[in-house]
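Asker: Chains as they are written, first to last, in our numbering: chain A, 1420 to 2329; chain B, 64 to 436.
Hints were generated in silico from the structure; no laboratory data involved.
Values in this document were obtained by computation on a predicted structure and should not be read as measured data.
There could be a bad hint or two in this list.
As the list claims (entries may be wrong) - Just so you have them, the derived chain A footprint on chain B, three or more residues with Cβ under 8 Å:
#, segment
1, 78–88
2, 104–113
3, 320–332
4, 344–351
5, 365–377
Where a beta carbon is used, it is the ideal one built from N, C-alpha and C, also for glycine.
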Amino acid sequence: MERSDPAIRLIDVSLRYGKTLALDAITLDLPAGRIIGVIGPDGVGKSTLFSLIAGSRKLQEGRVDVLGGDIADRAYRTGVCSRIAFMPQGLGRNLYATLSVAENLRFFAGLFGQGKQEREERIDDLLQSTGLQSFRNRPAGMLSGGMKQKLGLCCALIHDPDLLILDEPTTGVDPLSRVQFWDLIERIRAARTGMSVVVATAYMEEAAGFDLLVAMNAGRVLSVGTTQQFLAGTGAKSLEDAFIAMLPEAQRRGHRDVVIPPRPADAVDDVVIEARGLTMRFGDFTAVDHVDFSITRGEIFGFLGSNGCGKTTTMKMLTGLLSASEGEAWLFGKRVTAVNVEMRRRVGYMSQAFSLYSELSVRQNLTLQAQLFGLPPSELPGRVTEMLHRFQLDGVADAMPDSLPLGIRQRLSLAVAMVHKPELLILDEPTSGVDPIARDMFWQMMVDLSRNDNVTIFISTHFMNEAARCDRISLMNAGRVLVCDTPKAVVAARGATTLEQAFIGYLQDADGANATPRVAVAAAAPPGITRAPRRQVFSPRRMWSYTVREALELRRDPIRGTLALFGTVILMLILGFGISLDVNNVRFAVLDRDNSVLSRGYTLNLAGSPYFIQQPPIGDDADMNRRMKSGELSLAIELPPGFGRDIERGTPVAVSAWIDGAMPQRGETIQSYVQAMHAGWLSDTALHRLGIRPPGSPAGVEIRFRYNPEIRSIVAMVPAMIPLLLLMIPAMLTALSVVREKELGSIVNLYVTPVTRSEFLVGKQIPYVVLGMVNFVLLTALATTVFGVPLKGSLPLLALASFVFILSATAIGLLMSTFMRSQIAAIFGTTIVTMVPAIQYAGMINPVSALTGAGAFIGRILPATYFLVIARGTFSKALGFATLGSSLLPIAASAIVLMTLCIILLKKQE
Amino acid sequence: MRIANIARLGVKELRSLASDPIMLVLILYVFTLDIYVAATVMPETLHNTPMGIVDEDGSPLSRHIADAFYPPRFQPPEMVSINLADLGLDRGTYTFVLDIPPNLQRDLLAGRRSAIQLAVDATRMTEAFTGSGYIDVLVAGEVAAFLRHDAPGGSRPVDLAFRVAFNPSLTQAWFGAVMQIINNVTMLSIILTGAALIREREHGTIEHLLVMPVAPFEIMTAKIWSMGLVVLLACSFSMIFIVQGVLRIPIEGSIPLFMAGAAVNIFATTALGIFLGTITRSMQQFGIMMILILIPLEVLSGGMTPQESMPRIVQWVMTLAPTTHFVSLAQAILYRGAGFGIVWPEFLALFAIGTALFSVTLWYFRRAMKTMS
């Protein structure tokens, strides 16, 4: 690659989300081998631009050339994506929380088809140079934000990319980790000269150090140039000011420098928050270790510290979300308890995690919040409008939060926390990911609240310029408070020139031992001549990477595995014994209007049957009516007056049998029972009274019940349970596997790595197929031992059929998962397409041949139908391949069709 | 204030649901098409029965017998050889194979008794059971008619008159439709409440509620009334427009009474949904747990096979399940026209189960809320 060739060339690129124009005819050349920063307020299209360059989003208009080829061209994209690395916005968004650091890396290495040796060497290398080596086995979810970002970077670098795309990699990361992060990038760039890096960042001081800057606003490029050019062009002192100067007049107008008036001297030292020896332990881990502080009314108290040092935990204890293990906290002079509703009314809390209702619009979120805090209905609309206006949310009032960029969502969260005019605000990193103008605006508001309304503000932040604005700050590390004083005093005590230096100094002292080793990054292959990406249609290695990952997640969640295995066993026990197709214990009663010897004999005849249970006799018609209606009686026999006399005389007489037809099948069975009993009684009576047996039909039908001569329910139902359970459980297990990645964001790994859709899907399927086979073994063992239903036919056939059937069942789950957008819908959809058809249309109770209409059609295409034939055939009918082999084909066909559908429906780009 | 909170949070739940078009389509499906298909799938217990006949006689009588099997109860019987007959039974092609012996007609005309064999696939229990009795009667009738052989002594001395109450023609559709509604009510109320709770937890919005002046009781009650209302409306819609309208199933009793029963039942099942959503930690666990609970609830509640035939222990356990009482209540009201005077014990049982579930869940929910964040 020539040095002069741009790494990225955009020509007239536009993109719309519905009606919103996110990118507006962008034309831009970005040179190779440089580190290029993209800066701009929230929601101007930075992330969208990046996702287009990374190939994770579909191009709508214009042309994007990346590393010398058209990224919209699918063949080119597949080839080039192994030369690009993309780190999406959000802390550890594309990582897997339950997997350890090394496992995450192995997963990504697998996606690029690396062999074991190469992989392990690279992982060691990367972990060594990032200082993550000692956290190798820690789950990614337990890492601090800074470490997560470092791990994300390692995952991005595992395949020696020529182009590294970082979307706000240091947002929400503490200063020390940030320094370490950029240090790492510098060392990597030194080792791999020629690698291009594109970064979006909200930290202007970081951006100032980049080779080239692109300033964006409202979907357009404002300006491209170096920091010096920017400063010279606007005559500003800092990049932040320069950027603000570049913005259109309308946006700039509201901005002014934040001026913090000193606290009034007559401020009453009324303590609002008081903590004494506050401690929180999670098992062996002490998250917060004897923390003390006291904050007075109207004070702005800054809470600083490295990621994972216990800031959030402390805040949660103050709000009553967590109960302290030790120590106590007071708010407004009252002890904090979990249930104090009155106290909650006076506090506004904004958590670090975005916690708004994504299914409610911005206005609805605000309104709900105001209502829950009990704002009078008369004030409500005004208050909501005021908040919308104050936080500049008017334009997006009816938008859904998910469609908004991070910065605007943070603004909304804050608006929500303040809607009820609290006296105390507890804000957990409220400005992470928020652009400079919005941050200043936000601070102006805080200052107004504090100085004018005497609102106490307890705020955590990673921005040093924000920390400097606080009345007092407290620096926390590893659960302990290191220092607590005014910002000036902190800087002075350390003898530093800036707060940032003081802060880093404190942290380095505290960490001491585990400071990042400055290991040079091993010089990997120079870019451009990395091994030509082998175009593989299906790579077992990449597939296996997903298999291992899915299996590890399953193993980390033992409850799910246990439920899946033992749950089926329990279910089989309950259902096997519970479902009974026999009709017995039929409750009947007699309305005997005759009460003669003969009529009593008739009653005795019925009562003697094992199928019937006699209930107290019926008194009259009304009684019969009532007892039939309540379902107490399923059969009522009415013997007419003069029953005995008429029989003696030979006068025709009729017995009435009332049958409850509410359950038709049972009704029919009862009918045939009564018929048989009646015939039996007749012939007995005839024999008894007349001494002759009435002749039967000259040609009797001899009925031979095959396969299940005693007609036991268990023999019919237990083999039928196997298809039901092997369908429901594996389908439900896979039903969430894809949609979950969509909801949590890690689906981006499918978009930007060489893994193909079939590798992704089959890889995910394998662990569940294995689990399903274990289930099969358990169920078969249970059937033959506990239920005593012998497997008379071919076990290999049954096993093979189960295997193919589980392939098909897991494919149903995957299909639902691919098709649906939310986990709830996936669960619901899977239940509908598996449970109802399997129970009703697959022939479990009623044979498929007896069905009509749509149900019959469903029954015929259902793989469960054919597996049921095989299960009953092998268990009860002693059959093998010769007879039942043909039933395998429809099952196999369904598996293939379903998987093909999944692959077609799954998108490789957003 | 408390009531107001419950109302507002409930409205929020409804808004959330309304913003998910796929869920709305699925809900619509399970209360319309799904009911229709389930109702019409099986017109009668004996329907389209596949049958093979081995005619070793080849006489007019044997053809006469074969002609007696016709749709809709039977598929036109296939005439097969004895070997194929066995294979057909093995493969499940036939449920019944009637073997007419050689010289049947000659023997009968000569006054000798003869026996026709009926082989039955007893793994298909319901069909086997009802069908064999039916075939027995049918064949005897055909033989008698052929021989013009009236039973000696004229009519039987004691006649047996059947009166099938509540569903005189024993139409399966009546049964299938309502049972399907009941199943879907259970499924939907568990999913809507339980899964929605898990989603709130996974998205961190529950935590947000907990820092507000809102009590767990209010959160829970809001979910129950709002989602319960959705299910109840869907259920009423289905009863009125699908069951009575499209399917034209005559309803004996009072629909409002049935709806009242449904409401009490939904109170219990939505509480159960929240319970499941509270004891499981993730959507994945919830999915499996739900299957494990839902299958027994549907299969063993008496809506599929009669309760009284189940083992005692199962019957006893199932009296604790709300669906058991709902099924029995629905059957009594809808088919038998029972009034409140008759079904009040079921109402009481449902209410007791619902209250118990609600209390246990509230206790768990409160505890879980404390450790959730």
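Asker: Taking a Cβ-to-Cβ distance below 8 Å as contact, does the segment 365–377 of chain B have at least three residues touching chain A?
Answerer: holds (count 8)
Asker: Three or more residues of the segment 344–351 of chain B near chain A by CB distance under 8 Å?
Answerer: Since 8 is at least three, the answer is holds.
Asker: Please check whether the segment 320–332 of chain B has three or more residues whose CB lies within less than 8 Å of a CB on chain A.
Answerer: Coverage by chain A is violated for the segment 320–332 of chain B (0 residues, Cβ < 8 Å).
Asker: Are there at least three residues in the segment 104–113 of chain B whose beta carbon sits under 8 Å from a beta carbon of chain A?
Answerer: That given contact holds, which follows from 10 residues of the segment 104–113 of chain B lying within Cβ reach (below 8 Å) of chain A.
Asker: Confirm or reject the coverage of the segment 78–88 of chain B by chain A under the rule of 3 or more residues with a beta carbon closer than 8 Å to the chain's beta carbons.
Answerer: holds (count 6)
Against the hints set out earlier in the document, a violation occurs for number 3 only.
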